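Asker: Each residue of the sequence shown is one higher than the one before, starting from 133 at the first, in my numbering.
Quick caveat, the hints were computed from the structure, so don't treat them as lab data.
The reader is advised that the hints may include incorrect statements.
Said to hold, decoys possible - Mimicking DSS-like on lysine-lysine, the simulated pairs with C-alpha atoms at most 25 Å apart in a straight line are:
(1) K192 with K213
(2) K270 with K163
(3) K270 with K248
(4) K137 with K192
(5) K355 with K283
All of these numbers come straight from a predicted model, not from anything done at the bench.
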Amino acid sequence: MRMHKKGHLEERIAACGDIVTVADLSDKNMKRAALTPEYIAFNGVFGNGNPICLEIGCGKGKFVAETAARNKNLNFIAVEKISNVLIEALERVKGEDLKNVYFLNCAAEVLEKYIKAGSIEKIYLNFSNPLPKEGYKKQRLTHPRFLEIYKRLLKAKGQIVQKTDDKDFYLFSLESYKKSGFEILETCEDLAAHPVAGDVETEHEKRFKEQGKPIFRIVAEVK
Numbered sequence: 133m134r135m136h137k138k139g140h141l142e143e144r145i146a147a148c149g150d151i152v153t154v155a156d157l158s159d160k161n162m163k164r165a166a167l168t169p170e171y172i173a174f175n176g177v178f179g180n181g182n183p184i185c186l187e188i189g190c191g192k193g194k195f196v197a198e199t200a201a202r203n204k205n206l207n208f209i210a211v212e213k214i215s216n217v218l219i220e221a222l223e224r225v226k227g228e229d230l231k232n233v234y235f236l237n238c239a240a241e242v243l244e245k246y247i248k249a250g251s252i253e254k255i256y257l258n259f260s261n262p263l264p265k266e267g268y269k270k271q272r273l274t275h276p277r278f279l280e281i282y283k284r285l286l287k288a289k290g291q292i293v294q295k296t297d298d299k300d301f302y303l304f305s306l307e308s309y310k311k312s313g314f315e316i317l318e319t320c321e322d323l324a325a326h327p328v329a330g331d332v333e334t335e336h337e338k339r340f341k342e343q344g345k346p347i348f349r350i351v352a353e354v355k
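Could you build all of it, start to finish, from the sequences and the hints given here?
Answerer: This is how it looks when you write it as structure tokens:
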């Protein structure tokens, strides 16, 4: 079902302009666009040099807002390419006056345009679209072509923390991490039965648990 565009969307995003960068989409070739850096000075944005975590696909912002509120000693970059969804996250963070969250309205393919290599401590992939059809495999956010981007963004020993309700995607991701030279530190095939201290439940996660679906979790580290 097609999502209806939210009212006054452009004006609402503009009102949150101090906490978001909207990607320049004039070049439709994202691989080429990523080669022209427009690095954001995140130390200036946040006003400190605290470690930076990155959530790719932040949705309506529940995870990043709650995690940031609990961890004021960390900074968070939240990425969402769908403006119609992003606005809810933006307005939530503005409303809660969280100073340690900044947003990128862009696709994962162009993250290197805005974020310098070796600057991220941890990447969160929460319930990314599993894209089960074989023809869409290269679009999965744990396909090796994306993992190579993440490796360049992460610091030495940086980690990816992934959660999904899709077992096939979980197994695909495990293999992708191994092929791309990551070390698998943790795996879990039922997060409800084996909760992780400090982990924040996402909007999707809450619904999937209510439906009785198991939640899969992976922690992978750059070697």
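Asker: Evaluate each hint against the coordinates.
Answerer: Tested hints:
{"no.": "1", "hint": "K192 with K213", "result": "12 Å, holds"}
{"no.": "2", "hint": "K270 with K163", "result": "14 Å, holds"}
{"no.": "3", "hint": "K270 with K248", "result": "24 Å, holds"}
{"no.": "4", "hint": "K137 with K192", "result": "15 Å, holds"}
{"no.": "5", "hint": "K355 with K283", "result": "10 Å, holds"}
When held up to the earlier numbered hints, the structure conflicts with none and fits them all.
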